Amino acid sequence: MPQGRKGRLNFRCPACFVREIDVDMFYDSEKKEYYCLRCPFTGTEGEVLSLNEMVKFRYKNITTRITDFD
Amino acid sequence: MVPEYLEKEAAQGKTEEIGRQSVISASLDIFRTQQCIAHENGLKTTIQMTYASLFNDEAVAIAKEHHRAHGDEIGLTLLGLPCKEFREKYKTRDFCIWHFSMEDKREIVNDVFGKFEKVFGFLPQSTGSYYMDAELVRYIKSRYPAVACAVATCWEEGPKAYHNANNSWYTLNDGGPWSPWIPSRHNIHCPASSAEDDVGIVAIPHLSRDLLAVFDGPGSFYGTHPQNVLRGMVYKNGEYPYLFNLIDQYRSMDKYNNGFTYNMVFVGPGWMSKQGRWEAPYSLLEKSYQDCMAYYGTLKREGQAEDMTMSEFAGWFRGHRTYTEPACALWKDILYGSRKQIFWYLDPWMRTCVDMNQGGALVDLRPYAAKLQRPVGIGTSHIWDCSYPYLVQSFYRAGYFTHYAGEGSIKSCKVSSAGEEVDLCLCRTRARFSQEGKSRVLTLDPVEIEFTDLTVTLVSIITFPQDTGEIRFSRKILTTSKKGAVVHVYDYLTACHGTTEYPEDLTGVELRCVGPDRTVEIPYAYKCREESMGNVVRVEALVPQVHTKVSAIPLSRDVEGLIREGYAFSPMYTLGLSKDLRENEELVTCLKVEKAD
Chain A
758 MPQGRKGRLN
768 FRCPACFVRE
778 IDVDMFYDSE
788 KKEYYCLRCP
798 FTGTEGEVLS
808 LNEMVKFRYK
818 NITTRITDFD
Chain B
15 MVPEYLEKEA
25 AQGKTEEIGR
35 QSVISASLDI
45 FRTQQCIAHE
55 NGLKTTIQMT
65 YASLFNDEAV
75 AIAKEHHRAH
85 GDEIGLTLLG
95 LPCKEFREKY
105 KTRDFCIWHF
115 SMEDKREIVN
125 DVFGKFEKVF
135 GFLPQSTGSY
145 YMDAELVRYI
155 KSRYPAVACA
165 VATCWEEGPK
175 AYHNANNSWY
185 TLNDGGPWSP
195 WIPSRHNIHC
205 PASSAEDDVG
215 IVAIPHLSRD
225 LLAVFDGPGS
235 FYGTHPQNVL
245 RGMVYKNGEY
255 PYLFNLIDQY
265 RSMDKYNNGF
275 TYNMVFVGPG
285 WMSKQGRWEA
295 PYSLLEKSYQ
305 DCMAYYGTLK
315 REGQAEDMTM
325 SEFAGWFRGH
335 RTYTEPACAL
345 WKDILYGSRK
355 QIFWYLDPWM
365 RTCVDMNQGG
375 ALVDLRPYAA
385 KLQRPVGIGT
395 SHIWDCSYPY
405 LVQSFYRAGY
415 FTHYAGEGSI
425 KSCKVSSAGE
435 EVDLCLCRTR
445 ARFSQEGKSR
455 VLTLDPVEIE
465 FTDLTVTLVS
475 IITFPQDTGE
485 IRFSRKILTT
495 SKKGAVVHVY
505 DYLTACHGTT
515 EYPEDLTGVE
525 LRCVGPDRTV
535 EIPYAYKCRE
545 ESMGNVVRVE
555 ALVPQVHTKV
565 SAIPLSRDVE
575 GLIREGYAFS
585 PMYTLGLSKD
595 LRENEELVTC
605 LKVEKAD
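Chains as they are written, first to last, in my numbering: chain A, 758 to 827; chain B, 15 to 611.
Isolated chain A, as found in the complex (with noise of 0.2 Å):
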């Protein structure tokens, strides 16, 4: 098994993220995929960057900008 290492960016563990632990992963170049330390996630960079859309989910106001505060 070869070391894991940081991948092009720092990626989180999206797994985690969803429930707010901002979580380092790191990759494996043999297997080509990200895995998390701390849960069992893993998934290659093209997972990881879907997931990360996914999970703006709870985001509706993501692309709105509001102008009234009332």
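If you are wondering where the hints come from, they were derived from the structure by calculation, not from laboratory data.
Here the structure is a predicted model, which means the values were calculated and not measured.
Keep in mind that a hint or two might mislead.
Unchecked claim - Partial pick of chain A residues on the chain B-facing surface, computed with a CB cut under 8 Å:
no. : residue
1   : Glu-777
2   : Ile-778
3   : Arg-815
4   : Lys-817
5   : Arg-822
What the hints assert, rightly or not - Here are the simulated DSBU-like pairs of lysine-lysine, each with C-alpha atoms no more than 30 Å apart in a straight line:
no. : chain 1 : residue 1 : chain 2 : residue 2
6   : B       : Lys-98    : A       : Lys-763
7   : B       : Lys-609   : B       : Lys-155
8   : B       : Lys-78    : B       : Lys-155
9   : B       : Lys-606   : B       : Lys-490
10  : B       : Lys-346   : A       : Lys-817
11  : B       : Lys-132   : B       : Lys-98
12  : B       : Lys-563   : A       : Lys-817
13  : B       : Lys-78    : B       : Lys-98
14  : B       : Lys-129   : B       : Lys-78
15  : B       : Lys-563   : A       : Lys-813
16  : B       : Lys-78    : B       : Lys-288
17  : B       : Lys-314   : B       : Lys-58
18  : B       : Lys-563   : B       : Lys-541
19  : A       : Lys-789   : A       : Lys-763
20  : B       : Lys-428   : B       : Lys-541
21  : B       : Lys-346   : A       : Lys-813
22  : B       : Lys-301   : A       : Lys-763
23  : A       : Lys-813   : B       : Lys-288
24  : A       : Lys-817   : B       : Lys-354
25  : B       : Lys-250   : B       : Lys-354
26  : B       : Lys-78    : B       : Lys-452
27  : A       : Lys-817   : B       : Lys-250
28  : B       : Lys-269   : B       : Lys-606
29  : B       : Lys-250   : A       : Lys-763
30  : B       : Lys-301   : B       : Lys-314
31  : B       : Lys-78    : B       : Lys-58
32  : A       : Lys-813   : B       : Lys-301
33  : B       : Lys-452   : B       : Lys-563
34  : B       : Lys-301   : A       : Lys-817
35  : B       : Lys-132   : A       : Lys-789
36  : B       : Lys-250   : A       : Lys-789
37  : A       : Lys-813   : B       : Lys-354
38  : A       : Lys-788   : B       : Lys-288
39  : B       : Lys-288   : A       : Lys-763
Cβ coordinates follow ideal geometry from the N, Cα and C atoms, glycine included.
Given the coordinates of chain A, assemble chain B onto it according to the supplied hints.
Then chain B, alone, in the frame of chain A:
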């Protein structure tokens, strides 16, 4: 200049070497970029020099030049202590001034301020850290009276921040003000009540946070810090309108504070690491900073905002605010897309939060009246716990209860009829703010309560009379579907104390039901007892653990009082006041927070 983040990232895969030239160069480069962006947008900055940066001639030269050319203030932060010189002298890797013993704090302050004066030829007027207890600020003021302003706390960075950092951020920092204040000389979180109580500085929180999202989420995701917004992943396709919504919601707070509103950005170079930060590449980190400064610059040019350095602001604040003037914020959700609305209030007696999504329930209460002396650091009983204790924190301690056994901390009201009971926590509503003389008033939209064969409409008005330590709650029945119908209205406070999600021992708490000619007491022993009394004068809890007395006082006639002890699985106590009401009748109660000696 060499923040822990950047040093740590640069050290990935290398042995640690504080003061490595490549890190210092990268940090200085980022600092120059930040300053350049601010100045291009016509903004002044406060340069918070770290101890490490005072040993760097180039950093000092840049600060001097920007002070001369742009009017930037040169301040001195007590963050960023780690450097070769610090480690050699203090033989520790700790970087948190608040963790040191008082003796070490004094020595470090003397060192850092002394070095600053040697380098610049004058003493700083602003300083800061993530947390500075009143004891540290008093010492700094005694030695360096020119200090006028300090970053003194981080708003709601308690257990949520600890968990968010994978249980590695050993500082709990809940319970303070969200906007600037003049702290008490007894406890930094509490606003001073008078000149005698004034610790001598104007304090600002570390960042301006989202007052709703951060109350139940990580502080480092939702604040006026561009890279925090990226950390929270509140962006899409490289755009983050949320950041500007947040700034604008802060701007709208002038409605509740006699025209005053405030906003700040505090970004250390590490947040703009050339290697990127988490998922965000450097280009996005830099763009977010540029966009943020551009927006502030636009507001300034349009005359909608005024930029001030920290010490300038301290002078302005002291000239425009009185000690006991409350801070208010009727805050709406700008993130999740809901209609949720909360109201924050603070003054020298209390900090509290009212949740309109729970029918106007009080979900947070901090008894500032107690002005608790809680020094932090090694040698004290609070090495890591910088928080000001709560009496109510509904998210840490359950709140409205859906579990099968027990109670949660909250102040709400129950309405009952013919054996049915509805808690106003389940009646979502909205509120309007008004100021009537020296009182701040929150008028909630009426809610409809449906029983099997009766519907009633109830309106709640919550009044905060200034300089009293009181909150008055009016519950008025506007209509009933049946003529002459009577409902029972029970206004209650279920409370406890603590600084985290975990329970504290309530042994020693005294519950009292005080009538016109007798008093009934329950010394807390987890025995699930309760007492009630008709025509009660007040019900109260004396909580020696936090030197606080909290009382519920009827302002209507013929009110029944109740005190209730909890049990081990429900470590709470309840104070209740109740009365039967018909249409157009109201129950008015007063919640009072006092220091108990």
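Tested hints:
Look at A:Glu-777: its Cβ gets to within about 5 Å of chain B, closer than 8 Å, so that hint holds up. The interface hint given for A:Ile-778 is met, as the beta carbon of that residue sits about 6 Å from the closest beta carbon of chain B, less than 8 Å. Residue-level restraint check for A:Arg-815 holds (minimum Cβ-Cβ distance to chain B is 6 Å; threshold 8 Å). Because the beta carbon of A:Lys-817 sits about 3 Å from the nearest beta carbon in chain B, less than 8 Å, this interface hint is met.
Here the hint on A:Arg-822 is kept, as its CB sits about 4 Å from the closest CB of chain B, short of 8 Å. For the given pair, B:Lys-98 sits about 27 Å from A:Lys-763 by alpha-carbon distance, which is consistent with the 30 Å threshold. Taken as a hint, the B:Lys-609 and B:Lys-155 pair is honoured in the structure, with Cα atoms around 26 Å apart against an allowance of 30 Å. A hinted pair counts as satisfied when its Cα atoms are at most 30 Å apart, and B:Lys-78 with B:Lys-155 qualifies at roughly 24 Å.
Straight-line distance between C-alpha atoms of B:Lys-606 and B:Lys-490 comes to about 21 Å, which keeps the hinted pair within the 30 Å bound. Of the supplied pair hints, the one linking B:Lys-346 and A:Lys-817 holds, its CA atoms being roughly 14 Å apart against a limit of 30 Å. A C-alpha spacing of about 19 Å is found between B:Lys-132 and B:Lys-98, which places the hinted pair at or below 30 Å, so the restraint holds. At roughly 42 Å between alpha-carbon atoms, B:Lys-563 and A:Lys-817 are farther apart than 30 Å, so this suggested pair is violated.
For a cut-off of 30 Å, the pair hint linking B:Lys-78 to B:Lys-98 stands: about 24 Å separates their Cα positions. A threshold of 30 Å between alpha carbons decides the hint, and for B:Lys-129 with B:Lys-78 the separation of about 15 Å falls inside it, so the pair holds. Only pairs whose Cα atoms come within 30 Å are accepted, and B:Lys-563 paired with A:Lys-813 is rejected, the gap being roughly 43 Å. Restraint check for B:Lys-78 and B:Lys-288: satisfied, since their Cα atoms lie roughly 25 Å apart, inside the 30 Å limit.
In summary, the hint linking B:Lys-314 to B:Lys-58 is supported, as the alpha carbons are separated by about 11 Å, within the 30 Å threshold. Proximity of B:Lys-563 to B:Lys-541 is assessed by CA-CA distance (about 21 Å); at most 30 Å being required, the pair is judged to hold. A hinted pair counts as satisfied when its Cα atoms are at most 30 Å apart, and A:Lys-789 with A:Lys-763 qualifies at roughly 12 Å. For the hint pairing B:Lys-428 with B:Lys-541, the CA-to-CA distance comes to about 24 Å; that is within 30 Å, so the pair holds.
With a C-alpha separation of about 19 Å, the suggested pair B:Lys-346 and A:Lys-813 falls inside the 30 Å cut-off, and the hint holds. A C-alpha spacing of about 24 Å is found between B:Lys-301 and A:Lys-763, which places the hinted pair at or below 30 Å, so the restraint holds. Our distance criterion of 30 Å between C-alpha atoms is met by A:Lys-813 and B:Lys-288, whose separation comes to about 25 Å. Note on A:Lys-817 and B:Lys-354: the hinted pairing holds, with a Cα-Cα distance of about 13 Å set against a maximum of 30 Å.
Proximity of B:Lys-250 to B:Lys-354 is assessed by CA-CA distance (about 23 Å); at most 30 Å being required, the pair is judged to hold. Between B:Lys-78 and B:Lys-452 the alpha-carbon distance is near 46 Å, which puts this suggested pair outside the 30 Å criterion. In summary, the hint linking A:Lys-817 to B:Lys-250 is supported, as the alpha carbons are separated by about 11 Å, within the 30 Å threshold. This hinted pair checks out: B:Lys-269 and B:Lys-606 have alpha carbons roughly 26 Å apart, not beyond 30 Å.
Proposed proximity of B:Lys-250 and A:Lys-763 is supported: the alpha carbons are some 24 Å apart, at most 30 Å. For the suggested pair B:Lys-301 and B:Lys-314, the alpha carbons sit about 20 Å apart, so the restraint of at most 30 Å is met. Taking the CA atoms of B:Lys-78 and B:Lys-58, the gap is about 14 Å. The hint holds against a cut of 30 Å. The suggested pairing of A:Lys-813 with B:Lys-301 holds, with an alpha-carbon distance near 21 Å, which does not exceed 30 Å.
For a cut-off of 30 Å, the pair hint linking B:Lys-452 to B:Lys-563 stands: about 24 Å separates their Cα positions. A distance of roughly 23 Å separates the Cα atoms of B:Lys-301 and A:Lys-817; the hinted pair therefore holds under the 30 Å criterion. A C-alpha spacing of about 54 Å is found between B:Lys-132 and A:Lys-789, which places the hinted pair above 30 Å, so the restraint is violated. For the given pair, B:Lys-250 sits about 26 Å from A:Lys-789 by alpha-carbon distance, which is consistent with the 30 Å threshold.
Of the supplied pair hints, the one linking A:Lys-813 and B:Lys-354 holds, its CA atoms being roughly 19 Å apart against a limit of 30 Å. For the suggested pair A:Lys-788 and B:Lys-288, the alpha carbons sit about 28 Å apart, so the restraint of at most 30 Å is met. For the proposed pair B:Lys-288 and A:Lys-763, the alpha carbon gap of about 16 Å is at most 30 Å, so the pair holds.
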